[in-house]
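*Asks:* As a plain string of letters, each chain reads:
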Amino acid sequence: MEIEIKPAKLFYYDFKELYEFRDTLFFLTWKDIKIKYKQAALGFLWAILQPALMMSVFIVFRKVIFIWTGESDVPYPLFVLSGILFWNLFSGAVTQSSNSIVNHAHIIKKIYFPRVFFPVSAVLVSLFDFFMGLIVYIPVMIYYKEYPSFWTIAILPACIVLTILVAMGVGSFFSALNVKYRDVKYIIPFAIQLLFFISPVFYSHSFITNKYLMLFYYVNPITGILELIRFGLFGMPINVYGLIISCGSILLSFITGMLFFRRFETTFADIA
Amino acid sequence: MKPIIEVEGLTKVFKLGSTHDSYLTLRDTIRQWFHPANHNDEKRYVKALDNVSFSVHPGEKIGVIGKNGAGKSTLLKILSRITPPTGGRAILRGKVASLLEVGTGFHGELTGRENIFLNGAILGMKRNEIKKKLDEIVYFSGVERFLDTPLKHYSSGMQVRLAFAVAANLDSEILLVDEVLAVGDAEFQKKSLGKMDEISNSGRTIFFVSHNMTAIKSLCNSSVVLNQGKIEYVGKTEDAISFYINEKTENYNQIKRTDPYGHCYFKSIYVKAKNKKLEEPIELNDSIEITTEIEIYQIPSEKFHITYSINNALNDTLFTVTHWTQKIPLKKGNNKVTCIIPENFLNIGTYTLNLYLISNFETLFSFPSILKFIINEGKEDLGNWFGKEPGYILTSFNWNILND
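Sequences listed follow chains A and B, in order.
Numbering-wise, the first sequence is residues 46 to 317 according to this note's numbering.
Numbering-wise, the second sequence is residues -10 to 393 according to this note's numbering.
Chain B on its own, in the form it takes in the complex (with noise of 0.2 angstroms):
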């Protein structure tokens, strides 16, 4: 069987200057005619992406992965035609529709009913269809009783429910989905991966950019993983993930960051063995300390305090700890929270760190993924075992064993 996307040497070179000042006046122009030098500064490339090849069978679904700048939109806008690649070709077997965003042409001063025209219009579907699946479409969005209303009047969570309702229900053999799923409540959101997995159900191929491993995992059985517009991995959605993670917490173990509120500045953030140095690696039998050093400008609330939690290559949390269980404050000024792990307790692998700021009970703000770090197997005496158990966990429980 022919594959139903087709993607050949794909590159996309952006002239940096048209990209960053988005626009120029005529001025701009005029004075580069007569300031060659500044001209010739401008005419920098970047290739968002570069070389790329890979193809999709009907029915696959595939999730492509990526740091911010990697090159996943403009693969995206690529095959949604929005931009042409500048060399390479694309092939697509099959009627294409691509939702880079919902509700796309959306307008308030028209009534909900009209949207769903406008917008149906614009995602490329013709007036019959719209009207033979009107009625699903207000059904899904569940907003018959403001259907003539304009669109003003609406919730936001309305308006993004009825334009995913006219996105779910476009008819097509491939679909090229953005991260849109990121909108709307929690229940939403349910609903409409759930839709997904009911379109992906019926043998459509789906081509879905995220930064949400949860929905990728649960979404796409294979995945494509990008970097500075190249493709770095192709394989299983896990294998993919678990690459991915561990490329993109970059090999740095302390880091510092402002906090966006203005409570509190965090000097130093770093994970290292007990009794030795920042860039010593960390062995299977060293205690681990994480350590945040932060300046606390004012305390919100008596309950402030710093949570860390721990996720393996997969990007699961294996678990959350707090020096609040312990019931000990923060204080203004320098501290310095250090929480140590037990030596031979987590087994060798990557692991990323998360942090929260907690201020009564609510997350204040996260670092999610601020750091990465690996446990080596360290030095084991002659005639022991070496290589991994399998689990993230390494337990000393105690064993009874009665014999007869």
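For reference, chain A alone in the conformation it holds in the complex (with noise of 0.2 angstroms):
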């Protein structure tokens, strides 16, 4: 075993390296997992309780407003749980993994793995949650008696492959400029919630009639992501020009965040 110390390679990953230590992504895993259930009363149920709460509001909310959610007839606690549940894995990744770098400075100071391995394992440890939240939907999705079909089991792994890569990417890029400006971490909050009501989540898009406003919700990667799940669970229509679009933006996002990140990430050491 040789290893040669150079300057610092931009822009490159070292995917042997990151097989190498595979086994520290899963510890850091497994650690920031363990510690949030154990530390809360409640545990395991927060992950839980959470997305059931969020449905609750808004099938109240839609009592007291309007609420449009295009003509179709699906129920909405499971039209809005479809929503949350992939917005939390999306907005609870990208909070947890836009501090990851600035959290463990400690360890970053004190000894050498795959940097990356903060947001990636951030960004799992999300995934986990949103696991532990599909159970919520269950006893619904029996309610209802909206059963999943074939194209359910095919197209929700893919929904979260599209919903963790841009979680990575979007999370990365923040967290390497956490790194240095650490306006990041008051900002990252309010762009979330910004970008919770400018997301399909709680509502359907398909009122809009304008072009350019439609152009500009299919480049929000959430859109995509949205209108294919609730194409896959209950066959609500979908934009095929519009998925490509939000799947353009979501490998974007992640192509830069990850090569950003790449390209601060020997700095850590010297100034987090």
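Think of the hints as simulated: they come from the structure by calculation, not from any bench.
Among the hints, erroneous ones may be present.
[Unchecked claim] Restraint ranges, calculated between C-beta atoms of paired labels, are given here: (1) Arg134(B) <-> Ile104(A): 49 to 59 angstroms; (2) Asn148(A) <-> Leu307(B): 17 to 27 angstroms; (3) Thr312(A) <-> Ser358(B): 31 to 41 angstroms; (4) Asn323(B) <-> Asn148(A): 21 to 31 angstroms; (5) Glu(-3)(B) <-> Met46(A): 15 to 25 angstroms; (6) His151(A) <-> Lys263(B): 27 to 37 angstroms; (7) His151(A) <-> Ser290(B): 39 to 49 angstroms; (8) Thr312(A) <-> Ile288(B): 46 to 56 angstroms.
[As the list claims (entries may be wrong)] Listed next, the stretches of chain A that the computed footprint assigns to chain B, with coverage defined by at least 3 CB atoms under 8 angstroms from CB atoms of chain B: (9) 60 to 69; (10) 178 to 187; (11) 205 to 214; (12) 290 to 304.
Since this is a predicted model, take the numbers as computed values, not measurements.
Every residue gets a Cβ at the ideal spot worked out from N, C-alpha and C, and that includes glycine.
Reassemble the complex: the two chains are provided individually, in unrelated frames, and hints are given to aid placement.
*Replies:* Below, the structure is given as structure tokens:
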């Protein structure tokens, strides 16, 4: 085994090394999950309670104001829950991963392993929460007799992968930026909140007729992902061009984020 | 045989401003756009490592000595891949374990067992490796009974023992170690130094950075002295330490210090030859005055006194003296405490003075290696032997020779 240490190579991931260190990634993720559920009195219940409460709030909300859900007859609780679960996966992963480098500065200064494991493990923790949250979906699904079809089985993993890709890209980007500019810590929650309302999480965007506004909606990766999962779950209409735009935007954020992270990861130990 | 560590022209440049104000806010950056003048000011560079080259052969134990800021930690961080160099390169031929800290990533909420796995994984161990070594780690740490107790309930000593136990059981051909041994109680330090010795005797290569000369001396056969990012000396550990001690204590023999507890103020501490000026060199046949001018604000106990000890160039203490043996007390207000070392007592060489302030037989605080002084040969009458006798102390014992 020979290691050569040279001035940093930019934009290059050593995949062999990432594989070598896979157990480190596993334990980093395992630690965060363990601590998260150990410290809270209600433990695993939180992962279930949160989407359930969110869903209830929107059900009540809908009694007060009009919420457009498209022309379909999908039960609103299922509609909104599918949105919330994926939204939580995205927002949780982005929030956690964008703080991951700063939060682990003490480790970064003392030991080496691929730095990208920090944002990636934060995303994996959110993925774990997502699967916990799926438990809520089952009773609601049974109640409304909306059983999964073949499409659901095929599309669910695709939606998860797409959400993870975009969350990794955005999260890694901001985690690197956060090291230099601590403003990121304040910007992220605000940006996430804003994005929640301009993403079709609790409503359907099919009322939009303006072409440019529609384009703007699909540039938001969440739109594509939510439309795809609702197509899979409830057979709601899907705009294929829109999906392509969203996928493009997902891929672009993933690549940009990972390259940006790689570009700056060598400076973390010096300035974190 | 190829060297196991090969370092060629390693250089690390830090931009001042990015190291000192460790992070910026967006506001700072925006301000810099509008005030480019300030921006230029911040572009000062510091070379933490300057063209460092050396190589280490398998099984060697290399110590790295140097003042704070000499580049020791930077060198270790580059070899550990924590931070990349700006120039040059290093080749490590073998599996590397780096210990800049013990217990990195430990979490209080997790149990001892869970922390072993977490810490092991962070140090680069595979899951199976940790499982295989678990018994050994637990045995070495001596925390068997608390293995399933959350770490937050451990005493700090137990935490350190557990952390060291994980680190000590890393399998690697090259071990990069920072001053991790400076933790734990005396007994544990002994145990951990023993373990390090065992590791080094098993033929592994150790690269050890420390302020602790005793540890370096006992562990490393050769050492590197770093100063301001450059290698100043490479050689046998004893010679390197002697070189370093001579370098470290600045060539001044007068100094001022404040007592951190506010009992007193050290107006002046100096070493000079009796009947000579401070600037004049001390010679073999001069009596030496070690003087402390001290203003005392408050006397914490009646057994309040000053103790000096003198170390040789290898940092071994030659002797300790105190005015307390003659029951001369310090008084409130100004005191001038002078100890006179007779002429022809200390041999030619370089010595360092350590000063201790003692209250009730406990060291209130100490100034280790506060001053360095050199004793020169002085003038000898023609016909006498010039040069240094071996040893540190000169004597004039009485002899008795019986002849038939």
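*Asks:* Could you say whether the range 21 to 31 angstroms given as a hint is met by the Cβ separation of asparagine 323(B) and asparagine 148(A)?
*Replies:* Taking Cβ atoms as reference, asparagine 323(B) and asparagine 148(A) lie about 53 angstroms apart, which means the hint is violated.
*Asks:* Please check whether histidine 151(A) and serine 290(B) have a Cβ separation lying inside 39 to 49 angstroms.
*Replies:* For histidine 151(A) and serine 290(B) the Cβ distance comes to about 41 angstroms; the hint holds.
*Asks:* Starting from the range 17 to 27 angstroms, see whether the pair asparagine 148(A) and leucine 307(B) falls in it by beta-carbon distance.
*Replies:* Given a distance of about 51 angstroms, which is not inside 17 to 27 angstroms, the answer is violated.
*Asks:* Range hint 15 to 25 angstroms: satisfied by the CB atoms of glutamate -3(B) and methionine 46(A)?
*Replies:* 19 angstroms, holds
*Asks:* Given the hint of 31 to 41 angstroms, check if threonine 312(A) and serine 358(B) actually sit that far apart at their C-beta atoms.
*Replies:* Since threonine 312(A) and serine 358(B) have Cβ atoms about 36 angstroms apart, the given range 31 to 41 angstroms holds.
*Asks:* How about the stretch 178 to 187 of chain A: do at least three of its residues have a C-beta closer than 8 angstroms to a C-beta of chain B?
*Replies:* Our answer is that it is violated, as 0 residues pass the Cβ test (under 8 angstroms) against chain B, missing three.
*Asks:* How does the coverage statement for the stretch 205 to 214 of chain A fare against chain B, requiring three or more residues with Cβ below 8 angstroms from a Cβ of that chain?
*Replies:* With 0 residues closer than 8 angstroms to chain B, the stretch 205 to 214 of chain A misses the three-residue bar; violated.
*Asks:* How does the Cβ-Cβ distance of arginine 134(B) and isoleucine 104(A) compare with 49 to 59 angstroms: does it lie in that range?
*Replies:* Holds - the Cβ-Cβ distance for arginine 134(B) and isoleucine 104(A), about 52 angstroms, lies within 49 to 59 angstroms.
*Asks:* Has the stretch 60 to 69 of chain A got at least three residues whose CB is nearer than 8 angstroms to a CB belonging to chain B?
*Replies:* holds (count 3)
*Asks:* Starting from the hint 46 to 56 angstroms, judge whether the C-beta atoms of threonine 312(A) and isoleucine 288(B) obey it.
*Replies:* Distance hint for threonine 312(A), isoleucine 288(B) holds at roughly 53 angstroms.
*Asks:* Tell me whether the statement that chain B covers the stretch 290 to 304 of chain A is true, taking a Cβ distance below 8 angstroms and needing three residues at minimum.
*Replies:* violated (count 0)
*Asks:* Cβ-Cβ distance between histidine 151(A) and lysine 263(B): within 27 to 37 angstroms?
*Replies:* Check failed, 54 angstroms falls outside 27 to 37 angstroms.
Checked against the numbered hints above, the structure breaks hints 2, 4, 6, 10, 11 and 12 and satisfies the rest.
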